[in-house]
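Protein chains in written order, with the working numbering: chain U, 1065 to 1451; chain P, 5 to 438; chain X, 0 to 435.
Keep in mind that the hints were calculated from the coordinates and are not lab data.
Where hints are given, some of them may not hold.
[Said to hold, decoys possible] With a straight-line Cα cutoff of 27 Å, these simulated BS3-like cross-link-like pairs (lysine-lysine) come out:
{"hint": "1", "chain 1": "P", "residue 1": "Lys298", "chain 2": "U", "residue 2": "Lys1376"}
{"hint": "2", "chain 1": "U", "residue 1": "Lys1188", "chain 2": "P", "residue 2": "Lys38"}
{"hint": "3", "chain 1": "P", "residue 1": "Lys298", "chain 2": "U", "residue 2": "Lys1368"}
{"hint": "4", "chain 1": "P", "residue 1": "Lys176", "chain 2": "U", "residue 2": "Lys1376"}
{"hint": "5", "chain 1": "X", "residue 1": "Lys245", "chain 2": "P", "residue 2": "Lys279"}
{"hint": "6", "chain 1": "P", "residue 1": "Lys428", "chain 2": "X", "residue 2": "Lys245"}
{"hint": "7", "chain 1": "X", "residue 1": "Lys328", "chain 2": "X", "residue 2": "Lys391"}
{"hint": "8", "chain 1": "P", "residue 1": "Lys415", "chain 2": "P", "residue 2": "Lys428"}
{"hint": "9", "chain 1": "X", "residue 1": "Lys401", "chain 2": "P", "residue 2": "Lys394"}
{"hint": "10", "chain 1": "P", "residue 1": "Lys173", "chain 2": "U", "residue 2": "Lys1368"}
{"hint": "11", "chain 1": "P", "residue 1": "Lys16", "chain 2": "P", "residue 2": "Lys356"}
{"hint": "12", "chain 1": "U", "residue 1": "Lys1368", "chain 2": "P", "residue 2": "Lys147"}
{"hint": "13", "chain 1": "P", "residue 1": "Lys109", "chain 2": "U", "residue 2": "Lys1376"}
{"hint": "14", "chain 1": "U", "residue 1": "Lys1157", "chain 2": "X", "residue 2": "Lys111"}
{"hint": "15", "chain 1": "P", "residue 1": "Lys165", "chain 2": "U", "residue 2": "Lys1188"}
{"hint": "16", "chain 1": "X", "residue 1": "Lys245", "chain 2": "U", "residue 2": "Lys1157"}
{"hint": "17", "chain 1": "P", "residue 1": "Lys356", "chain 2": "U", "residue 2": "Lys1368"}
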Amino acid sequence: MSDTAAIVAQCEAMFEDLSFTGVRAWKAAVPGRKVVGFMPFYVPRELIHAAGALPFGILGGGDQLEVIHGDAYYQSYICRIPRSTIELAVTGKLDMVDAMLFPSICDVIRNLSGMWKIMFPKVKARYLDVPQNFRADIGGTFYRGELGELRAMLAELTGKPATDDDLRASIRAYNANRRLVREVYAFRAAEPWKAPSSEVYLVMRAGMVLPVETHSKLLADYLAAAKASDRPKRDNSRIIVSGAFCEQPPLNLIKSIELAGCYIVDDDFMLVNRWEQSDVAEQGDPLAALADSYLRDSADTAAKYEPDQARKGRYLVELVKKRGAEGVIFAAPSFCDPALLERPMLQRVLASHDIPYIAFKYAENSGQMQPIREQAGTFADSIKLWS
Amino acid sequence: MSQKPPAADVVKEPSMLKQKEMIEANYERLSGAKAQGRKVASTFVPGNLNELIMCFDLANNLPEINAIQNGMRKKSGMLIMEAEKRGHSEDVCTYVKADLGMMAKGNLGPNGKPLPEPDVLLLSYTGCFTFMKWFELVREQYKCETLMLHVPYEGEGHATKSMRDYVVKQLKEVVIPGLEKVSGVKFDIDRLRQYLRESAKAEDDFVWVLESAKRRPSPIDAYFGGVYYIGPIFTAFRGTPDATEYYRLLRQEIAARIAQGQGPITPEGDFGQEKYRLVVEGPPNWTSFRDFWKMFHDEGAVVVASTYTKVGGLYDLGFRHDPDHPLESLADYCLGCYTNRNLPSRIDLIEKYVRDYEADGLLINSIKSCNSFSAGQLLVLREIERRTGKPAAFIETDLVDPRYFSAANVKNRLESYLQMIEQKRRGASPRAAA
Amino acid sequence: MRCFIGIDLGSTTTKAVLMDENLEILGRGITNSRSNYDTATAVTKQEARIGTRFTLFRKALESQARNGRAAIEAVIGDLERGFRLEQFLGQLEQLHQACARHAEDPRLADKKRAVAATLDEIFRRLRAEAPAMFAKGAARRSDFFRDNAGSRFVQIAEGLAKESGLAYEDLLHVYDKSIIEVESRVPEDDSADKFARGFARMTADGQAAFEPAALKRALDAALAVEIEETYVVGTGYGRVRLPFPKEHIRSEILCHGLGAHMMYPATRTVLDIGGQDTKGIQVDPTGIVENFQMNDRCAAGCGRYLGYIADEMNLGLHELGPMAMQATKVPRINSTCTVFAGAELRDRLALGEKREDILAGLHRAIMLRAMSIISRAGGIRDQFTFTGGVAKNAAAVRELRKLVKENYGEVHINIDPDSIYTGALGAATFARRAVN
């Protein structure tokens, strides 16, 4: 068993590697392997896995990438992630990617799917629409059809059509991975001093570039090491971070929140790791199982319609209760339509349940952390005063 | 910033008066709805289902149009600030904020009377992510019935059978039963067919109007004038005899202008000599609409085709509402709106416009509020320049936020662009660009 | 002689270029834009005419073949110092008169005589020290009368106010009113007279290599040429208010592109970073603009960004570049937002980072933005010309060179110290082209 430091260092190296050496190595190991990139917030990775390809989560360029060409495609009032993603691509850092998937998260990522078709014609780019109607016979039927088309596209890409058995095997692999992800989250909520959020973040982030089996092993190792670790418990406030489901905050921002006296006991970074909140059925029609899971038990986020006004924002209140959180930090990327339009509604729901919150904006390359530390620190202190 | 001249200075043709009456009547219908026991639906312009709404005797309220009205009346700035004061980010769509600000400030319509609370929000989710959040926000306040109609995006450049089936099924299983429940009116498909038949008539004349801009000189301005021409057909009038009559009048007037070799009509009177023919991508700015237009006609620049006039349907590519396939044709209509088409299709369309309308180039008015339009426009610009060899230019404004309209900045870019076109035209001669 | 003038009205300075029909630049002028574009235009035109006289004088001397370049430069330099001194004294006289009038202000009624006497003394001293200000090798604060006279007036007035028991504010008040008045007036064109008096001030040093009579003949010949204003073209930001008929106005982008082409005919890409905006311009081999992009509403990447940083650091704008050149490393500064850059700056200073290094990082950040604007306009093509106030900043130039190399490989880069005149040069060329 490794200690947490070694595991985290390994994850941090992957996180900082903007050439994605690991993904390249995976591809080069066996001739004919394909890499399928995807943007936040969710894609059915099981389909990619079953087709023998590597799902590769692309979450922008972070705070170490100088963006020149990517900026040339975007006005100043558009968020950072599409420009840094284009920068990665035009500078050859994504040249091992054979196909790109763009989920229906917002109009910027949606339009990026079309830009990709024009700018990188050799890469198969596809927009993935997920249903906003949650009836099995309407949204479910449509989504199963979308999944079928995606399956066909991937079969064409890899030359290896995924059978239903392949898909069921992939569902099992991802179910196992998601169970571990949930365990890590539950453990962090229970003993946050043993699993700092900056570590959990890096461990989760590794899942964007590693094959699922490897990532599952890493999660298990980390969990065991974290449980065994002996770190001092601090008198921190317990908070949930909400709104960071697409463009990622800099690691420094996550660290700053913790340093300011907050334990992050839940968050919405990289929702794709835990989009399905319970196991996807491992028997029967695998596409129907994925569709059913989407409709019935997927995570709530701003990109998803809530048909029932009475339930709007309830998930956050429930999460606060489940995790024993004392407040919510709304951290949204600047110019993020989904997060910023959603925020006032969530805030009103929290207010009606007397749950305190603060809000700020960031960019993936935000440099100054002083205001974040001040706000989070004041928030942590005020929670302690109120309680 | 120039003030509107007194009404007497503005040239009004019969079609304009007709439209004015129609809009005023609709606002009266809305403000009197509760008193008359009429139920009210709110919905969006792209993919709006006016014919279907009329089948249930519902009054049709369009928040985007309210925001535009407030923008043109210079009220939107104050309303947006009101919404921002209430916790909305300065980063997000100003249509939404102008609407929420208006709701917070007594919800007064342009006629000065309060707009009614909606009984149903028909969330036609077509081509714009923000629509979904917008009506979640409105619903939060009114707690009224909300019907989501999810229209899939044409990511691969075309609608598929699966998409169409999905939309039709939602119409049958969600939208129609929902509207029946709210209105108490039973759905009658023959009534819908009748409205669609009426729509198709107006659509034919509307397309004739748009395509008249292929002439030299163009008898219309397809952007600044165009936003008036799309009024009835994109809003609460499509499918009514009023709309049909409006387009008949309009067609007559334009035919007369063509016969006399006249250019477009502008608020300041007749257009001078046509010097530049432009295609424009993106919505207009509404808070300084007339100043913005004036910058164009002062320079002799006429817009011969625009994409904004396609947000409520691409009739010029042949789509017509079809009484023989009522629900399918509504589905196709929703799927085919401009902002629901993928970026390569949008570029193809603009390229076609530049060629078909013999334009000198493309001007992009990039709107801060509208990522659906704006994200990717700089690639659109490059591609159009590359494919057509015609110069393109980029200006930046907003829909209804007066803080984002800098007249000097816009004028500087526009004039530079037009002079660049002029210079290129003369490029071959030795006394270049005098 | 047919002459063609281009005028570039900027938000802070107004520039003029005067050329002959063979596109040879004869004179240039610059003045502060004031709040009055008409005056600024007239003044800068006058300055360009004065420059033209010097050029003509130089040509006349050059025709006397036996004189070497160094001798000619000595004469020209000598005459110019004399001329500028005369010009300064003339402006000083006008300012004195205006001050005397404003001292009549009823507000100052009870101390009228003391004020007048003090003013007389201030101007006596200003006149007395003027020759030193224009002596050979002397450094002046600025090219503009307002800056040179103003700074000394204020200093002298402060000292004298104490001695004479007057309120310093009263003197300042008189000065402020007077300088505005003087600056909003177009000075009469008496340059021939000033040339004559400047000539009389010439030293033995300058005349050494020439016969006095020959010099006089050359000057008379230069002054005798009629400078005909054949065609004037104006440009500048906010051209709505330019004091020219519409057909005499050209877009600043087009002027800039053509001006860069005139300076470096092989230019294909131009980057201009001014105070208010950043422009990326592509021109064809004849100087015609093919494409352009400007910064959007966001001011990051403009000269203003550096101005803001200078204010934050309590430094002069011109001190930033040299300080950044002392950096030992270039940290990554991510805030392209002007407002956030200040916060990031303070954050980093608080963390103990070196000021020089942070400044180098900021210079890189501004050039990164500029590179994006060029990329938006289609990238950099050989040759590449960099103009505008920021082109004088060595640290900015250093980062630009690095970035160009990293992104576009070996590209010939032109940087002209007189690039402030690029727009006016383009405008003058347009003026020339407008006339057959």
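Cross-check of the supplied hints:
{"no.": "1", "hint": "P:Lys298 / U:Lys1376", "verdict": "violated, 46 Å"}
{"no.": "2", "hint": "U:Lys1188 / P:Lys38", "verdict": "violated, 53 Å"}
{"no.": "3", "hint": "P:Lys298 / U:Lys1368", "verdict": "violated, 42 Å"}
{"no.": "4", "hint": "P:Lys176 / U:Lys1376", "verdict": "holds, 25 Å"}
{"no.": "5", "hint": "X:Lys245 / P:Lys279", "verdict": "holds, 16 Å"}
{"no.": "6", "hint": "P:Lys428 / X:Lys245", "verdict": "holds, 20 Å"}
{"no.": "7", "hint": "X:Lys328 / X:Lys391", "verdict": "holds, 22 Å"}
{"no.": "8", "hint": "P:Lys415 / P:Lys428", "verdict": "holds, 20 Å"}
{"no.": "9", "hint": "X:Lys401 / P:Lys394", "verdict": "violated, 33 Å"}
{"no.": "10", "hint": "P:Lys173 / U:Lys1368", "verdict": "holds, 20 Å"}
{"no.": "11", "hint": "P:Lys16 / P:Lys356", "verdict": "violated, 32 Å"}
{"no.": "12", "hint": "U:Lys1368 / P:Lys147", "verdict": "holds, 19 Å"}
{"no.": "13", "hint": "P:Lys109 / U:Lys1376", "verdict": "holds, 25 Å"}
{"no.": "14", "hint": "U:Lys1157 / X:Lys111", "verdict": "violated, 77 Å"}
{"no.": "15", "hint": "P:Lys165 / U:Lys1188", "verdict": "holds, 22 Å"}
{"no.": "16", "hint": "X:Lys245 / U:Lys1157", "verdict": "violated, 51 Å"}
{"no.": "17", "hint": "P:Lys356 / U:Lys1368", "verdict": "violated, 36 Å"}
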